[in-house]
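Novice: Could you build all of it, start to finish, from the sequences and the hints given here?
Which chain is which? The protein sequence lines are A and B, in order.
Numbering-wise (the working numbering), the first sequence opens with residue 1 and increments by one.
Numbering-wise (the working numbering), the second sequence opens with residue 1 and increments by one.
Hints in this document: simulated from the structure, not taken from any laboratory.
Among the clues, some could well be false.
[What the hints assert, rightly or not] Straight-line alpha carbon distances no greater than 25 Å define the calculated SDA-like cross-link-like pairs of lysine to any residue that follow:
#1 A/K230 / B/L197
#2 A/K221 / B/L188
#3 A/K221 / B/V178
#4 A/K138 / A/E155
#5 B/K311 / A/A403
#6 B/K311 / B/E287
#7 A/K295 / B/Y388
#8 B/K138 / B/A95
#9 A/K311 / B/G381
#10 B/K221 / B/R193
#11 A/K51 / A/A15
#12 A/K221 / B/R200
#13 A/K295 / B/V431
#14 B/K138 / B/P163
#15 B/K295 / A/L294
#16 A/K295 / A/P164
#17 B/K221 / A/R179
#18 B/K221 / A/V178
#19 A/K221 / B/L223
#20 A/K221 / B/K230
#21 A/K343 / B/I480
#22 A/K221 / B/G196
#23 A/K230 / B/D226
#24 B/K343 / A/F412
#25 A/K311 / B/G384
#26 B/K221 / A/R189
#27 B/K221 / A/D174
#28 A/K230 / A/R179
#29 B/K343 / A/G339
#30 A/K138 / A/L160
#31 B/K295 / A/L373
#32 A/K343 / B/A346
#33 B/K221 / A/R192
#34 B/K221 / A/N183
#35 A/K311 / B/G392
#36 B/K343 / A/Y413
#37 B/K230 / A/D185
#38 B/K221 / B/V176
#39 A/K230 / A/Y190
#40 A/K221 / A/L173
2 protein chains.
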Amino acid sequence: MTFETGVKPGEKLKATLDQVVELLNKQDLVSEITSRQATPRHELLQSLLVKQQLAEVQRRIAQLHPADLAFVLEGLPLGRRHVVWDLVRPEARGAVLLELSDAVRTRLIADMQENEILGAVEHLESEDIADLVPSLSKHTVSALFDTLDREDRSEVQTMLEFPPGTVGSLMVLDVVTVREDVNLDVVLRYLRRRSGLPARIDHIVVVDRGGILQGLLPIRKLLVHDPDVKVQEVLVPDPIFFYTEDAATDAVQAFERYDIITAPVVNLHDRVVGMITVDAVMDYRRETTERDRLKQVGLHQDEDLFAPIWKSARNRWAWLAINLVTAFIASRVIGVFEGTIDKLVALAALMPIVASIGGNTGNQTVALLIRGLALDQIHRGNLGYLVYKEIGISITNGIIWGAVVGAFALVFYASVSLAVLMAVAVLLNLVIASLAGVFIPLGLRWLGRDPVFGSSVMLTAITDAMGFFIFLGLAAAFLI
Amino acid sequence: MTFETGVKPGEKLKATLDQVVELLNKQDLVSEITSRQATPRHELLQSLLVKQQLAEVQRRIAQLHPADLAFVLEGLPLGRRHVVWDLVRPEARGAVLLELSDAVRTRLIADMQENEILGAVEHLESEDIADLVPSLSKHTVSALFDTLDREDRSEVQTMLEFPPGTVGSLMVLDVVTVREDVNLDVVLRYLRRRSGLPARIDHIVVVDRGGILQGLLPIRKLLVHDPDVKVQEVLVPDPIFFYTEDAATDAVQAFERYDIITAPVVNLHDRVVGMITVDAVMDYRRETTERDRLKQVGLHQDEDLFAPIWKSARNRWAWLAINLVTAFIASRVIGVFEGTIDKLVALAALMPIVASIGGNTGNQTVALLIRGLALDQIHRGNLGYLVYKEIGISITNGIIWGAVVGAFALVFYASVSLAVLMAVAVLLNLVIASLAGVFIPLGLRWLGRDPVFGSSVMLTAITDAMGFFIFLGLAAAFLI
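Specialist: Set out below in structure tokens:
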């Protein structure tokens, strides 16, 4: 499924999106069409104007690459999205569904008839059908399996066995293999006879009689070597390959590091069963990056920008609840010292500074640790140095910024003892923040959890509670 | 520069890193070697043991891909890093420097002699030399230009003219072009004569007499079509291409969306001047993702994990200063209401809850907006709906979670009026947080700034200050 378009893709696409939106907005086309379902006002609907506009929208979207059409659909509110979806040619729908985000895809499929879904899916490759299966109802899946021939059904079932996040779930099954004892001439004739080569092919996989991986034959070599040469004379032995159950993140790292375009995938018996290509790896990388960005603030993988309010509101609850618990704890820490605050109310105004500076500096440490863990740079050999360094930084910055904060307190409250108290509290909270910033991500990783998700909440919980406790505790002990 | 290794790359690499670290740790090899510079203790240094260990480290790193060697170097503290760097073969050093992060590369280069640097660079392609130039001193750059022949010098200068973040700065200059009026046979003979095809070649670029882009000839077609066919009969017209000054992010988006492997790059006169390949695009994508992660907490592009404490401490100052200013403002807001708190000290314990829940919910909105902006999903046509939706969510969640917070206040302080006050303050601060969460990223983007950088700080500043102001202000007005 290659796609070739003229000139700058980005600009053209934005222009198309704007035009489609404008066409839909004209005369409030959408409300006319959607009102049709409630009260069929035939005279209005049949009006030439509406028909012309719809035909124009259809003409424009027919030229779009499936990925672009998916982009247009995701940028439209629900009503308009369904109007446009109805205008997509049935044979193009499968490819568009594949490109949509999970949230938008599930919503569109929920509104489709079963035979529409089957019609959309029948043009797809087995591995693409497997990608869509999780979005379908059980009934639709069994109807779908009835329409597939035996080979396709078995391929889809094979693909469904690989859990998400494995190389197997990202691979394609269509892999071109040759044997090592044939001439390049034979390979060329085989390729010409074969109907359609995969779009992204930079190597042909060389296997033995049993289908076991022997090496790779780069297309480049096929082009420039004499046709009489045997495959085994020019193949690349010991290529980078993956097992079906390897983690997809390992593939991402290898593709990025070694500039791979395609790599063979083998099963536990070293039999070649598929191919993983750079575009699948890039897509996986983009999805996980976006998911991480949202996970950091406790949001699910993807929230449809146009999901109903109630659904979106609930999507944010888990995070709100967790954060409220930590806020309640911090509040109770303050509550313990109400007597102290009652004697010196300035403490109430100053205490959030101590908590806040601890949270900020701790989150910097967390970000560096998460990056280091993601890049595999942190290991037992350098952990001791890292801890030593972060404590050193926090003491250095604690002295400098503690002095700044103390000066602030001195200016506004003209109390040297209050200023010294602030400075010491800031220093202590920064040291605690740096230790928490190192050990929370490491601890989460050690427990098999994703440090991206929980680190920041836990860190802020600690720096808030400890910030209030240290500051008010010192005040109670020494000042009042 | 293709690289082929046996078995699982990730595991093998970690094993090598561990072995190198272990070898370096044995007998504290490093302190012996580094002490050599202070007091040359020949008898120790010359000991067979040290020599054997160094030879073993050298043997292991000699087998590594440059990217893996860069990874090993980045994972080593400064002293050990220099010992290993000295063991890297001079002809491999250029490739390793290219793979290092900016911070680590600059540090290593700073400790190299000029002739060492020139020796490392001389094996590189022009576009790779241009990548290293920003890390070199002025004097070294002019010495470097003296060693290059006229063509290479002009190529390096061309590459240096493209600002970072443009397609031009990412492209390679070595592009295979053919004319459209020749037979495939001629193309094949040309490729065989040409010394070495680029590693990642899936298309040959078709140009006219003046070097103007006419289309692409996929290697696939070259393989399967009759050699008598003319290029123009099988070329793909209207291919996706880029201008040298296009934004690299546009290329990232197009490569991800259309599954491109290579695309031609043209100058303003549509003359083909280079090629952009998927591996350069992936590297750019990874670097910007990592930079964004650190930028979110106000850290520079990359901090060497083993940078000296003082340098790392300063790296964190800008962020600390900004956050302290916002904390001071919040503190002054509280300061204004000290009289109110003095009358009802419970307010001091409850006020951080209002500020904190606003910050958390606002940061969720910010994350969704930044994602929407990154994916180009937000435009004038749907902005109104987005604002309406976010306000709707904040009112919904404000009522629900305001009630929870109110219940908390009721339990601990047994005051209905205090509970109602909390609930209303939470509701109001959530609405403000959602508006700030939408308009701060949009405003920064509109001002041409990167919303990833400033959004979260500004949002927290607003939700903190407003949280305290609303809660204490309502208390002063109605409760006391």
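Novice: Against each hint, give a clear statement of whether it holds in the structure.
Specialist: Results for each hint:
1. A distance of roughly 20 Å separates the Cα atoms of A/K230 and B/L197; the hinted pair therefore holds under the 25 Å criterion.
2. At roughly 12 Å between alpha-carbon atoms, A/K221 and B/L188 fall within 25 Å of each other, so this suggested pair holds.
3. Distance check on the hinted pair: A/K221 and B/V178 sit about 19 Å apart at the alpha-carbon level, within 25 Å; holds.
4. At roughly 18 Å between alpha-carbon atoms, A/K138 and A/E155 fall within 25 Å of each other, so this suggested pair holds.
5. Between B/K311 and A/A403 the CA atoms are separated by roughly 19 Å; this keeps the pair inside 25 Å, and the hint holds.
6. A C-alpha spacing of about 22 Å is found between B/K311 and B/E287, which places the hinted pair at or below 25 Å, so the restraint holds.
7. With a C-alpha separation of about 24 Å, the suggested pair A/K295 and B/Y388 falls inside the 25 Å cut-off, and the hint holds.
8. A hinted pair counts as satisfied when its Cα atoms are at most 25 Å apart, and B/K138 with B/A95 qualifies at roughly 21 Å.
9. Restraint check for A/K311 and B/G381: the C-alpha separation of about 22 Å stays at or below 25 Å, so the hint holds.
10. A threshold of 25 Å between alpha carbons decides the hint, and for B/K221 with B/R193 the separation of about 20 Å falls inside it, so the pair holds.
11. Our distance criterion of 25 Å between C-alpha atoms is met by A/K51 and A/A15, whose separation comes to about 22 Å.
12. The straight-line distance between the Cα atoms of A/K221 and B/R200 is roughly 12 Å, inside the 25 Å bound, and the hint therefore holds.
13. This hinted pair checks out: A/K295 and B/V431 have alpha carbons roughly 22 Å apart, not beyond 25 Å.
14. The hinted pair formed by B/K138 and B/P163 meets the criterion: a straight-line CA distance of about 18 Å does not exceed 25 Å.
15. Distance restraint check for B/K295 and A/L294: the Cα-Cα separation of roughly 16 Å lies within the 25 Å cut-off, and the hinted pair is therefore satisfied.
16. A hinted pair counts as satisfied when its Cα atoms are at most 25 Å apart, and A/K295 with A/P164 qualifies at roughly 18 Å.
17. Taken as a hint, the B/K221 and A/R179 pair is honoured in the structure, with Cα atoms around 22 Å apart against an allowance of 25 Å.
18. Of the pairs offered as hints, the one joining B/K221 and A/V178 holds, with about 19 Å between alpha carbons and a cut-off of 25 Å not exceeded.
19. A hinted pair counts as satisfied when its Cα atoms are at most 25 Å apart, and A/K221 with B/L223 qualifies at roughly 12 Å.
20. At roughly 22 Å between alpha-carbon atoms, A/K221 and B/K230 fall within 25 Å of each other, so this suggested pair holds.
21. Between A/K343 and B/I480 the CA atoms are separated by roughly 19 Å; this keeps the pair inside 25 Å, and the hint holds.
22. Distance hint between A/K221 and B/G196 is fulfilled; the C-alpha atoms sit about 10 Å from each other, no more than 25 Å.
23. For the proposed pair A/K230 and B/D226, the alpha carbon gap of about 22 Å is at most 25 Å, so the pair holds.
24. In summary, the hint linking B/K343 to A/F412 is supported, as the alpha carbons are separated by about 21 Å, within the 25 Å threshold.
25. For the suggested pair A/K311 and B/G384, the alpha carbons sit about 19 Å apart, so the restraint of at most 25 Å is met.
26. The hinted pair formed by B/K221 and A/R189 meets the criterion: a straight-line CA distance of about 13 Å does not exceed 25 Å.
27. The suggested pairing of B/K221 with A/D174 holds, with an alpha-carbon distance near 18 Å, which does not exceed 25 Å.
28. For a cut-off of 25 Å, the pair hint linking A/K230 to A/R179 stands: about 10 Å separates their Cα positions.
29. Taking the CA atoms of B/K343 and A/G339, the gap is about 12 Å. The hint holds against a cut of 25 Å.
30. Between A/K138 and A/L160, the direct Cα distance comes to roughly 14 Å. Compliance with the 25 Å bound is thereby established for this hinted pair.
31. The suggested pairing of B/K295 with A/L373 holds, with an alpha-carbon distance near 17 Å, which does not exceed 25 Å.
32. For the hint pairing A/K343 with B/A346, the CA-to-CA distance comes to about 13 Å; that is within 25 Å, so the pair holds.
33. Straight-line distance between C-alpha atoms of B/K221 and A/R192 comes to about 9 Å, which keeps the hinted pair within the 25 Å bound.
34. With a CA separation close to 20 Å, the supplied pair B/K221 and A/N183 stays within the 25 Å bound.
35. For a cut-off of 25 Å, the pair hint linking A/K311 to B/G392 stands: about 11 Å separates their Cα positions.
36. A threshold of 25 Å between alpha carbons decides the hint, and for B/K343 with A/Y413 the separation of about 19 Å falls inside it, so the pair holds.
37. This hinted pair checks out: B/K230 and A/D185 have alpha carbons roughly 21 Å apart, not beyond 25 Å.
38. A hinted pair counts as satisfied when its Cα atoms are at most 25 Å apart, and B/K221 with B/V176 qualifies at roughly 16 Å.
39. Distance restraint check for A/K230 and A/Y190: the Cα-Cα separation of roughly 14 Å lies within the 25 Å cut-off, and the hinted pair is therefore satisfied.
40. The hinted pair formed by A/K221 and A/L173 meets the criterion: a straight-line CA distance of about 24 Å does not exceed 25 Å.
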